[in-house]
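Asker: Residue numbers (this note's numbering), protein chains in the order written: chain Y, 1 to 332; chain F, 333 to 666; chain R, 667 to 1010.
Derived by calculation from the structure, the hints in this document are not laboratory data.
Worth double-checking, as some hints may not be accurate.
If the Cβ cut is set under 7 Å, some of the chain Y residues that face chain F in the computed set are [to be verified]:
#1 119
#2 120
#3 183
#4 198
#5 199
A few chain F residues that face chain Y, going by a derived Cβ cut-off under 7 Å, partial list only [unchecked claim]:
#6 346
#7 381
#8 405
#9 408
#10 494
#11 507
#12 524
#13 525
#14 530
#15 534
#16 558
#17 578
#18 581
#19 583
#20 597
#21 600
Fair warning: this is a prediction, and the values are worked out from it, not measured in the lab.
Think of the CB as a built atom: it goes at the ideal place given N, C-alpha and C, for glycine as much as any other residue.
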Amino acid sequence: MNIKGLVKTYPIKGGAFQKVLGTVKAVDNVDLEIRQGEALGLVGESGCGKSTFGRAILRLEEPDAGSVEFNGVDVLQLSAKDLKPYRRDAQVVFQDPFGSLDPRTSVGDSIAEGLRVQGVSRKQRGRRVADVLELVGLEPYHANRYPHEFSGGQRQRIGIARALAVDPKFIVLDEPVSALDVSIQSQILNLLNQLQRELDLTLLFIAHDLSVVEHLCDRIAVMYLGRIVEIANRDDLFANPTHPYTEALLSAIPVPDPTVNRKRILLEGDLPSPLNPPSGCTFHTRCPIAVEGICDVTPPELRPVNGESHEASCHLRTGDHQDLNRPLLAAQ
Amino acid sequence: MTASPNGGPILEIRDLETYFFTRDGVVKAVDGVDLTVGKGEIVGLVGESGCGKSVTSMSILRLIQNPGEIVDGEIYFHGEDLLKVSEKEMRSIRGDRISMIFQQPVGSLNPVFTAGSQISEVYEIHEDIKGKEGFKSAVDMLTKVGIPDPERRAKSYPHELSGGMAQRVMIAMALAAGPELLIADEPTTALDVTIQAQIIDLLADIRNDLGTSIILITHDLGIVAEIADRVAVMYAGEIVEEAATKTLFADPQHPYTKGLIGSIPVAGSRREWLDVIPGRVPNLIDLPTGCRFAPRCRAREEAGLTICTEQRPELRMTESGHTVRCFLYEDGAT
Amino acid sequence: MTYEPPHAGDDRTPSDPEDAADQPLDTMAASDAVRDEVRMDLSGGGVSATTAGGLWRTAGREIIRKKSAIIGMALLSVLLILAVFAPIIAPYDPNQVLFDQGVSPRDPPCIHLFGCDEEKSQHILGIDGNGRDYFSRIVYGARVSLLAAFVAVLFAMFWGTIVGLIAGFFGGWADNVLMRIMDVLLSFPSLLLAIAVVTVLGPGLINAILAIAIVTIPQYARIVRSSVLSIREQEYVAADQALGVGRWRLLAHRIFPNTLTPLIVIATLGIATAVLEIASLSFLGLGVQPPTPEWGSMLAAERNQVFTAPHLVFFAGLMIMWNVLGFNLLGDGLRDAIDPRLGR
């Protein structure tokens, strides 16, 4: 999948006549390439636009600009009718195990809905539902039950089953384990790992937790306020985080090992509001090494770090002003 | 009981039992919990949803409401049993000597009052400081918790504050009257990772600078590894293991603890498959006889033990400062 | 530790085949966390063995526990029996004038059991001003009241739901136009508007029902619309969109069934109001026309006899109250039973 220049904005309306007061640039001109068979992680904190991005490429939200090429076809240009095959090839798994299933429909019917749309006969639907339930570690007789009879972890499995039922090639997973207990989380992560291998799926794994993403993904992209600030192979990212935000993010993750005495990079202040993003590099307000006159003026571009597989957008690290680069820790 | 680093314990919970009497049965949310907190100590109380850690903390401050009831146990705060004092005395303790902060900072603050006024309210109630002096004290407190531009922030309303800032305001409110014990119930779960790091550091600073003891309740083992001195692991209403932090992570003994640590993906050290604890947390109304973790315990199967499903294990000390509730360690040997 | 891929049953303890609902960790204040630590262990897990009957069965069980709902249902069952078995229960034809049988207008009740002369014909509640057996009229009145209120509410619910679904789902100018029309209707006091409608259409039971229905449509439209607005944002709707489900099917199959919950409660309570309104309209002479028995018009006919023949006024009023109370209690019980269970 090749995504170019994706933009998604939300107008903020207010006043008696619902005038447009401002816009939130949830996704700000993002390019991304998702290779077949890979699991790509998209990481960022709240408000960075990762969920919006995931929805936009599935056309669950209509992007304002850009192109999403899937198997050579720009999906954004397709009419609703022509969208059907895409709906089969690209699926989604959501975060909230309690909101992602219709409480009034049996589990089997929820799973079979996609099959129904694709025109599969009822008998075949039943069989496929049973198959897919087993695939995710549940039992075929669960199809007759209702969502409220299942635990959070099981509901997530049902959500995954629903996505798998139509035999997709690409699945967007929007924070699929964030709402689960740690011990259930590991079950689901293992399941996803296994499924990806067995079914040769391409995954876009959206999360805010880098350690979860690391477990599952081959490549990871880091987002901040609607832009991708760094993208690299998994091992590269952890070994050599280049963008200051990535560095800070990595150091902020609490490690369940008290012997590790890490020097933590603390970022100043809070995430800026996407309504009023900072000028130039959106990260400069919190960046310990930001240089006035450069970082607050021009937005940096994604440039390679070493080789083409690792890119970061920072004036001081990969841009034109690398002479002014400093390590983060010394700057604190 | 483990000896705390700086003198005698300030809080001692003995055999706490808090049950919820519901229409469907009696939920034994907390069923025999012992916990000690020393002066200037950060004790982590770790467990997943439904283990009883929040109920324990609410029991300390006697905030349990119908249909819940503290049915047994003692909670000694500086030698005095909190479960026996009058409600009036309890009210003077809450906020003044023992404070609590919660998970949803913006939701826990009163939306119609400014941040500053909510902090100064604490001063008003407990220290009898009013008006301008109260406001000044509030601003001082905001500075102490690291809020930039505190004078302006004191006049903000909760909905104008970000999650991290709101949490700092809550901490300011909790610390205003200078409590000896701060109970932090999942203080960072709703916050972003980078903000979480700030708050965790703040809590550590509070302990270092003010000498406040902290009970840190969380499901995140990473956080307790960072700042807790001791960790108690809870499962289905009981404490199943307790040890100094370093010891717990270096040598986890209870199968649940081991499973928990093993199921966390750790950034930077990737494993092919994560450990899985099969099954699910038991129904607290209909508890299995014997060890509550037994149905899910692989170690039990491997060791071929039958006593686990028949009797309930006690908390036993396996080495100095390390207690485990498991029949695998009954003889004191591992 | 060797890993085994998750099999069926890995997420369940070997002992309980039923499944309990874990609660997610985040987004809860402390008291909620406490509540959920408790709640998590209550649902399912073999205690209140949830079956594959979905939510209605659970709701049904809840309702039975509610005393108010039971009383309401009891009251209404009486009325229902009266209505259905009216020809059997009522000793006389309600419209039959009985002067030729030797009774006079407003004769007091004559119950043989209580000592009335065996020779006189039995009239449990006496005779009304036009020489008809009052008791029979009361019994047949149940038919009119129940049926009329039901039909009115059903009509209003039907159209209100359609308006609400379209306005909520499609938004935009459809939403604006429809809701403004609803606002106009809502700005009138309902009874006055009903009177106005009937005046235009002409008096009569059908027109009265129509009038009340029209007046109530906006309420249902609003409720359904706000339900739709919140349901629309749910992830299961987005999941369906991702599966390619068309908009109309989405509306009819996914969204609509989930709006039923508040709708049914409001509708049940709405029937109570409709009963009152029909009675009021009939009282004013704009609804049921003579000689059809209807409690409101019966009240009107005898209202001047409050002191001379109070039983003629009292029982009609009592029946109206009975009816309204029944529906109110049932509605309350329904609301309590449905909301906490299905609101998760």
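Asker: Hint by hint, where does the structure go against what was stated? Just the numbers, ascending.
Answerer: 1, 2, 4, 5, 6, 8, 9, 11, 15 and 19
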